[in-house]
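Colleague: One letter stands for each residue in the lines below.
There are 4 protein chains.
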Amino acid sequence: MERKILLTDCHDETGIIANVTSICSKYRLNIVKNTEFVAHEQERFFMRTVLEGDFNSNFLSDVRAALPDGASARLVSTAKKRLVVMVTKESHCLGDLLLKHYAQALNLEIVAVIGNYDVLRELTEKFNIPYHHVSHEGLTREEHCRRIMAVINEYNPDFIVLAKYMRILTPEFIEAYPQKIINIHHSFLPAFIGAKPYEQAFNRGVKIIGATAHFVTEHLDEGPIIEQDVIKVDHNFSAEDMALAGRDIERLVLDHALSYVLDNKVFIYGNKTVVFKN
Amino acid sequence: MERKILLTDCHDETGIIANVTSICSKYRLNIVKNTEFVAHEQERFFMRTVLEGDFNSNFLSDVRAALPDGASARLVSTAKKRLVVMVTKESHCLGDLLLKHYAQALNLEIVAVIGNYDVLRELTEKFNIPYHHVSHEGLTREEHCRRIMAVINEYNPDFIVLAKYMRILTPEFIEAYPQKIINIHHSFLPAFIGAKPYEQAFNRGVKIIGATAHFVTEHLDEGPIIEQDVIKVDHNFSAEDMALAGRDIERLVLDHALSYVLDNKVFIYGNKTVVFKN
Amino acid sequence: MERKILLTDCHDETGIIANVTSICSKYRLNIVKNTEFVAHEQERFFMRTVLEGDFNSNFLSDVRAALPDGASARLVSTAKKRLVVMVTKESHCLGDLLLKHYAQALNLEIVAVIGNYDVLRELTEKFNIPYHHVSHEGLTREEHCRRIMAVINEYNPDFIVLAKYMRILTPEFIEAYPQKIINIHHSFLPAFIGAKPYEQAFNRGVKIIGATAHFVTEHLDEGPIIEQDVIKVDHNFSAEDMALAGRDIERLVLDHALSYVLDNKVFIYGNKTVVFKN
Amino acid sequence: MERKILLTDCHDETGIIANVTSICSKYRLNIVKNTEFVAHEQERFFMRTVLEGDFNSNFLSDVRAALPDGASARLVSTAKKRLVVMVTKESHCLGDLLLKHYAQALNLEIVAVIGNYDVLRELTEKFNIPYHHVSHEGLTREEHCRRIMAVINEYNPDFIVLAKYMRILTPEFIEAYPQKIINIHHSFLPAFIGAKPYEQAFNRGVKIIGATAHFVTEHLDEGPIIEQDVIKVDHNFSAEDMALAGRDIERLVLDHALSYVLDNKVFIYGNKTVVFKN
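Chains as they are written, first to last, in the numbering used here: chain A, 37 to 314; chain L, 37 to 314; chain Y, 37 to 314; chain Z, 37 to 314.
Misleading hints may appear alongside valid ones.
Claimed, not checked - Here's a subset of chain A near chain Y, in silico, CB distances under 8 angstroms, partners left out:
(1) Ala281
(2) Lys308
(3) Asn314
As the list claims (entries may be wrong) - Under 8 angstroms between C-beta atoms, here's a sample of chain Z residues computed to sit facing chain L:
(4) Ser97
(5) Arg100
(6) Ala227
(7) Ala231
(8) Arg240
(9) Ile244
(10) Pro260
Derived by calculation from the structure, the hints in this document are not laboratory data. Each residue gets a CB set at the ideal place from its N, CA and C atoms; glycine is no exception.
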């Protein structure tokens with residue numbers, strides 16, 4: 037008995053659920069959980085099917101044959117995902133991920149941490165995880181990104197997590213890891229795009245601040261949003277107080293976004309996501 | 037083209053989704069939305085299927101034939117539900133419901149309001165809805181409840197909503213309307229069961245207060261919970277301030293609970309609910 | 037025994053609290069509640085003092101004499117505030133305010149409703165409040181705003197509430213009622229400034245939507261924010277679903293903002309507010 | 037220039053704010069922030085005054101002389117508080133506190149961790165903090181508690197934090213550290229007092245779960261509440277899922293409660309707290 041997840045993403049047509057679930061029955065696979073969504077405007081169908089049983093090698097090709105042209109059907113394992121984490125100086129998001137790794141509390145294994153400063157080496161190495169200091173000093177952005185890519189590629193990660201990595205990445209970098217780079221942005225996007233969002237929030241006098249976890253695409257802070265959350269602030273909060281309070285929400289939003297991504301619960305379409313939380 | 041909702045509730049077995057959705061395909065019914073849940077402990081399967089098409093009279097019996105013994109399958113319309121609202125003196129929940137009725141903002145029609153005081157007649161009649169004052173004075177609880185039942189039965193409602201009706205109902209009353217009576221309780225159940233929950237909350241010094249919408253069963257405040265929500269309070273709140281602040285959350289929780297119930301999104305099993313919010 | 041509120045707003049200097057509260061003691065005024073805030077960057081001091089006692093006519097001038105140059109000190113009553121409400125076609129915010137007026141649940145009296153359509157006359161008149169239909173058709177924006185101002189000025193309101201009034205006001209209008217116009221904007225500002233915020237939110241794929249109550253200044257959607265709140269959404273929400281869900285948060289945010297403003301709990305400074313919620 | 041905090045707690049009388057702040061002025065102490073609260077029912081006055089300046093040794097006695105009989109006035113430093121953390125097997129709350137200690141993100145220093153199992157030694161020692169394994173096996177509760185007290189007393193901590201310490205403490209233990217023991221309870225108290233709150237919550241079918249940080253008194257789970265928070269759950273959550281999701285809220289609630297306690301923002305009176313969050 038094995039457990040796998042079937043991820044179906046195709047044009048919406050009548051009968052898809054029946055077709056796919058009938059094939060599951062035919063192969064005596066038990067559906068532990070099934071979740072569907074139809075984006076009616078785009079006539080697009082998404083389904084996540086958690087299956088248990090003995091997987092015959094013909095199962096997936098049968099499913100594919102039953103789907104409309106251009107469909108995507110993938111059968112993925114529930115194994116831990118390999119993560120490379122990129123950081124600058126702030127420890128709160130990295131620390132949280134290291135604890136999750138240590139406690140095996142998320143479906144992840146951190147295989148390496150890369151920092152453009154050496155500040156977070158000590159914390160990382162407490163958890164016996166390799167830390168790579170790839171300084172940006174004296175390098176063009178292109179050269180710096182290429183050096184980071186060289187390190188990343190040694191580890192062949194499933195995902196690259198920008199855990200408060202405070203530098204802009206090159207298009208070359210981003211294109212090398214499509215749908216694999218996840219960033220935590222310290223504002224409730226699309227409010228306060230770009231640098232110093234807490235200072236922007238303070239100056240605007242907002243009563244709520246937030247954080248956004250999103251996939252990274254070529255357009256800064258504009259990739260598909262996975263998860264957002266907020267906390268209330270008031271006139272008592274300086275910009276620095278907001279940044280401090282924001283740390284809690286940054287690490288939580290990143291945790292939650294990762295929990296969905298690592299359990300294969302997220303589909304990307306266009307600039308949006310479908311997140312089957314349950 | 038008609039839209040109906042198929043509600044399936046049965047023992048969990050392999051192949052149910054395939055069987056039911058295949059029958060939908062066979063009858064050329066388009067699945068607009070499908071949501072399932074398996075309560076693994078109880079081995080019980082729930083599915084809500086929104087269908088569009090021309091409904092053949094054999095469709096439902098075909099579905100039933102394909103389900104395990106003891107299954108329940110119902111095909112329900114999306115028409116407005118008829119509500120009788122019961123009140124005492126507080127206007128905030130009733131007012132909210134009257135506005136929803138007026139703006140056609142929930143899938144409901146309020147067919148009558150019954151109060152054990154005459155206080156809310158004026159507000160109700162502004163909206164051209166009949167108001168029945170059934171005083172409890174000088175009556176036993178049994179006799180009072182019977183008089184209310186006589187009024188209710190004139191209207192044949194789909195649901196009876198206790199919108200801050202502050203008296204206990206008799207077992208006879210409750211048994212007459214199984215799974216049809218919805219109450220809003222002014223605490224985050226199971227905390228502060230019974231009378232004066234805000235005073236209890238104040239005395240305990242809690243930092244959060246809440247409200248709970250639930251189906252009414254013979255056990256006071258212990259029926260299946262449909263929806264709950266909370267707000268933060270602090271030492272500045274007197275018991276009266278909590279009651280005032282609580283009104284917002286009471287009417288919202290009742291609204292939300294009703295929105296799910298009225299759209300046939302709620303299954304009851306044992307003392308719990310499955311609520312397919314989307 | 038009377039209750040009044042002293043509102044102090046001045047340059048921050050050592051000894052202000054002592055000076056002001058000593059004068060309160062000297063006049064045998066009991067401090068029921070006192071709240072202060074210092075905006076350290078601007079060196080500005082704000083204090084709200086709820087007082088009980090017999091108010092001597094010299095009290096306020098004594099307070100003023102004890103404050104730094106340029107200080108503002110006002111002694112305001114706790115009486116109900118007079119509101120003119122401006123609307124277009126949507127009933128949810130107006131309906132909520134009418135119920136608050138009816139139940140005397142906020143410190144307000146709605147003295148008139150002005151609509152650029154006649155749609156909400158029926159609802160308004162149920163509550164015996166005058167409704168003025170001031171159509172914008174065939175008029176310049178300037179002429180339309182002047183006609184509205186003529187109506188408003190008959191009522192001499194304390195505040196003008198834009199309860200989903202969907203047209204832009206002229207600078208002349210805005211300047212005529214400084215710090216008196218309160219708007220509910222259907223997004224979490226500064227995200228989605230301008231028209232159709234829910235459509236913008238849907239297209240961006242955000243996971244949270246919100247509402248913002250703010251004072252209106254000459255810059256569209258950029259006045260001092262009084263209150264904001266949010267709700268979670270997901271891929272299941274169409275733009276229309278977001279708009280529907282947003283109504284709950286719009287009316288609540290407006291309610292809360294008004295509850296602070298009507299109880300003299302809000303100071304405006306620059307483009308921000310100090311809100312002494314308790 | 038030094039910064040200290042004056043904490044005043046006394047019977048409410050007219051003139052206290054004036055008296056105390058006048059003494060501050062007299063000693064040329066600048067009031068950086070002042071927060072007051074009157075519990076009108078109990079006629080009790082609380083004030084937290086953040087002061088800057090040169091502190092004369094007579095200042096505090098002058099303040100005390102100006103207060104009613106039975107008043108408490110304390111002048112406390114803003115230095116880091118010394119914490120002993122007690123644990124059993126779960127790492128999420130301890131891990132969070134260790135990271136806060138490491139990043140100096142809360143006003144605390146963890147001087148020791150005590151566990152009734154040895155499970156969390158490895159994690160603790162990564163951060164160079166002494167770990168004491170005090171097993172309860174083969175000991176009476178009294179003897180076990182006394183051994184823990186012996187360890188605690190070596191460190192003379194300001195507070196003892198029960199970070200998912202899953203055993204009941206003796207009255208002797210509790211009396212030895214009045215107002216110094218802080219517990220995180222894994223439910224929204226007073227709902228689900230006692231053992232296995234997530235299982236209780238699952239069985240009751242609640243739609244929200246929570247956590248509560250409170251001071252420990254002789255009555256189990258009934259001490260003064262400092263902070264509470266909640267998260268939404270639904271039918272998809274098993275009791276185990278609730279426990280997993282609850283960890284996030286447990287560590288956050290404990291963090292927040294500690295942030296208030298460590299900054300001298302919490303007064304205890306009777307079985308309640310006043311928490312001056314700002």
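Colleague: All the hints need checking, so say for each whether the structure fits it.
Modeller: Checked hints:
{"no.": "1", "hint": "Ala281", "in the structure": "violated, 15 angstroms"}
{"no.": "2", "hint": "Lys308", "in the structure": "holds, 3 angstroms"}
{"no.": "3", "hint": "Asn314", "in the structure": "violated, 11 angstroms"}
{"no.": "4", "hint": "Ser97", "in the structure": "violated, 29 angstroms"}
{"no.": "5", "hint": "Arg100", "in the structure": "violated, 24 angstroms"}
{"no.": "6", "hint": "Ala227", "in the structure": "holds, 4 angstroms"}
{"no.": "7", "hint": "Ala231", "in the structure": "violated, 16 angstroms"}
{"no.": "8", "hint": "Arg240", "in the structure": "holds, 6 angstroms"}
{"no.": "9", "hint": "Ile244", "in the structure": "holds, 5 angstroms"}
{"no.": "10", "hint": "Pro260", "in the structure": "holds, 6 angstroms"}
The earlier numbered hints that this structure contradicts are 1, 3, 4, 5, 7.
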